[in-house]
Structure formats: structure tokens, C-alpha cells
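Work the whole structure out from these sequences, hints included.
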Amino acid sequence: MTTSFRTAPTARVSFAHVDTWVFDLDNTLYPPGLDLWRQIDMRMRSYIADYLGLSLDDAFALQKNYYRTYGTSLRGLMIEHGMDPDPFLANAHAIDLASLDPAPALGAAIGALPGRKLIYTNGSRRHAEQVLGKLGISEHFADVHDIVAAEFHPKPQETAYRGFLARFAIDPARAAMFEDLARNLEVPAQLGMRTVLVVPPRQAAAPADREAWENEGFDSAHIDVVTDDLAAFLTGLRAG
Numbered sequence: 027m028t029t030s031f032r033t034a035p036t037a038r039v040s041f042a043h044v045d046t047w048v049f050d051l052d053n054t055l056y057p058p059g060l061d062l063w064r065q066i067d068m069r070m071r072s073y074i075a076d077y078l079g080l081s082l083d084d085a086f087a088l089q090k091n092y093y094r095t096y097g098t099s100l101r102g103l104m105i106e107h108g109m110d111p112d113p114f115l116a117n118a119h120a121i122d123l124a125s126l127d128p129a130p131a132l133g134a135a136i137g138a139l140p141g142r143k144l145i146y147t148n149g150s151r152r153h154a155e156q157v158l159g160k161l162g163i164s165e166h167f168a169d170v171h172d173i174v175a176a177e178f179h180p181k182p183q184e185t186a187y188r189g190f191l192a193r194f195a196i197d198p199a200r201a202a203m204f205e206d207l208a209r210n211l212e213v214p215a216q217l218g219m220r221t222v223l224v225v226p227p228r229q230a231a232a233p234a235d236r237e238a239w240e241n242e243g244f245d246s247a248h249i250d251v252v253t254d255d256l257a258a259f260l261t262g263l264r265a266g
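Numbering of the sequence shown is given in our numbering, commencing with residue 27 and proceeding in unit increments.
Some clues are possibly wrong.
[What the hints assert, rightly or not] Restraint ranges, calculated between C-beta atoms of paired labels, are given here:
hint, residue 1, residue 2, range
1, 183, 124, 41 to 51 Å
2, 238, 38, 27 to 37 Å
3, 247, 159, 30 to 40 Å
4, 64, 105, 21 to 31 Å
5, 42, 84, 43 to 53 Å
Hints listed in this document are in silico derivations from the structure and should not be mistaken for laboratory results. Note that beta-carbon positions come from the ideal geometry of N, C-alpha and C, so glycine has one too.
Structure (C-alpha cells):
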């Protein structure tokens with residue numbers, strides 16, 4: 027049963043048992059309206075067009091098809107075209123972070139949580155470290171699990187989650203995961219984790235560069251909580 031709330035948790039979903047807090051990075055720790063993902067998206071599109079000799083439109087179609095089919099565009103490019111992942115990732119994440127401001131309220135809320143805090147991203151460690159540094163919240167996280175550490179098996183593949191849990195010796199029954207994509211929470215829920223879907227603020231329109239399916243699933247049974255204010259939600263957990 028999905029519980030939606032905007033500023034504080036309800037009694038229906040308990041997080042009192044959680045001692046490992048797992049956060050996605052992009053569009054989860056900062057709102058999608060900041061346009062960072064659009065930059066990444068455009069850089070991937072251009073790289074694919076140059077690599078495969080395609081028009082930008084054809085590259086975009088291929089990119090999105092692989093993203094939906096394989097979990098990341100990179101995974102599809104590696105399987106279908108033998109692409110070297112390192113230059114692709116370096117290019118994709120060479121973005122301007124000027125719009126990303128420090129998030130002291132979010133940092134305080136994360137820091138007050140009991141237990142370990144981890145980043146689990148389909149992006150690169152370098153990108154995660156740069157974003158966390160710009161947000162001013164790096165100190166609160168014990169480690170980053172990126173696509174390289176996952177041996178390029180991306181969320182939402184079950185193999186990827188099991189590898190992550192094993193690497194950090196996480197008991198899924200004592201863990202919570204925060205994501206901006208509903209499909210990336212399905213396996214965590216099956217494994218016993220608490221699941222929180224982070225969505226854009228109610229007054230904000232869905233990002234124009236996201237596929238329609240990316241905005242679906244907020245009312246799925248595997249989602250425990252939907253929130254449009256991560257900092258307030260986490261603060262509410264401690265207050266409750």
C-alpha cells in the first residue's frame with residue numbers, strides 16, 4: 027500500500043528498524059528541474075551519434091531504447107556495439123554543476139539518520155563525488171557504489187542489487203532505498219527493503235526530457251512511500 031506524504035511520515039510505514047540508508051544520486055538528491063540530467067542526456071546523444079555515425083535523432087532513439095531495455099544506455103552499447111565504457115562515462119559526466127547549490131537542510135537530515143548512508147548510482151564515482159561535494163553533503167556518506175563497482179550491471183537488474191548488498195554486507199530487511207524511478211525500487215522491495223520514491227515537487231511539471239514510462243509507477247504496490255521533499259521527509263522520520 028503506497029503512502030504519499032509531503033512533509034512528515036505517517037505511522038503506517040515504519041523506518042525504525044532501518045540501519046542502512048541507500049540513496050540514488052541523480053534526480054534524487056537534487057530535483058530534476060535543475061537540468062543536470064538534460065546535460066548528461068545530450069552529451070550521451072552526441073557521443074553515440076559520433077561513435078556510430080548516426081544522426082542526433084537516430085542516436086537519441088537508440089539511446090532511449092537501450093536505456094529502457096538494458097537499464098542504462100551504456101549497457102546496451104557495450105552489449106550491442108562493444109563500446110569502451112570509460113570514455114563514454116567521462117564524456118557523459120563532463121557537465122556544468124553551476125546550478126547545483128549547497129543543501130544544508132538535506133545534509134543535516136541525512137546526517138541525523140542512524141547507521142550507514144550509501145550512494146548507489148548507475149553513474150560514475152567521480153560524478154557522484156562531484157555532485158555530493160557541490161551539495162556539501164559528502165561527509166555523511168560512507169561510500170559510493172557506482173556502475174564500475176557493479177561491473178556494469180545496472181539497476182534495475184537483480185544481479186546488480188545482489189552484488190551491492192553483498193559488497194557492503196547489507197541486510198535488506200534493515201535497509202531503505204531512495205530512488206526517482208519506480209522501476210528501480212521493484213527488486214529492492216522484493217528483497218525486503220523499505221522503498222521511497224522521490225518525485226518532483228507537486229507544483230513542478232514532469233521534466234520534459236524524461237520518457238513517459240519514467241514518470242509511471244508511483245502508485246505501484248512495491249513503493250512504500252512517495253515524497254516530493256526528501257529533506258522534510260527525512261527530518262520527519264527523526265522527529266517521529
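Cross-check of the supplied hints:
1. In this structure the hint that residue 183 and residue 124 lie 41 to 51 Å apart at CB is violated, the actual value being about 34 Å.
2. For residue 238 and residue 38, the hinted distance range of 27 to 37 Å is satisfied, since their beta carbons lie about 29 Å from each other.
3. For residue 247 and residue 159, the Cβ-Cβ distance of about 37 Å falls inside the hinted range of 30 to 40 Å, so the restraint holds.
4. Range check, residue 64 to residue 105: Cβ separation about 26 Å, and the 21 to 31 Å hint holds.
5. Between residue 42 and residue 84 the CB atoms are about 51 Å apart, so this pair conforms to the stated range of 43 to 53 Å.
Violated hint: 1 only; the structure is consistent with all others.
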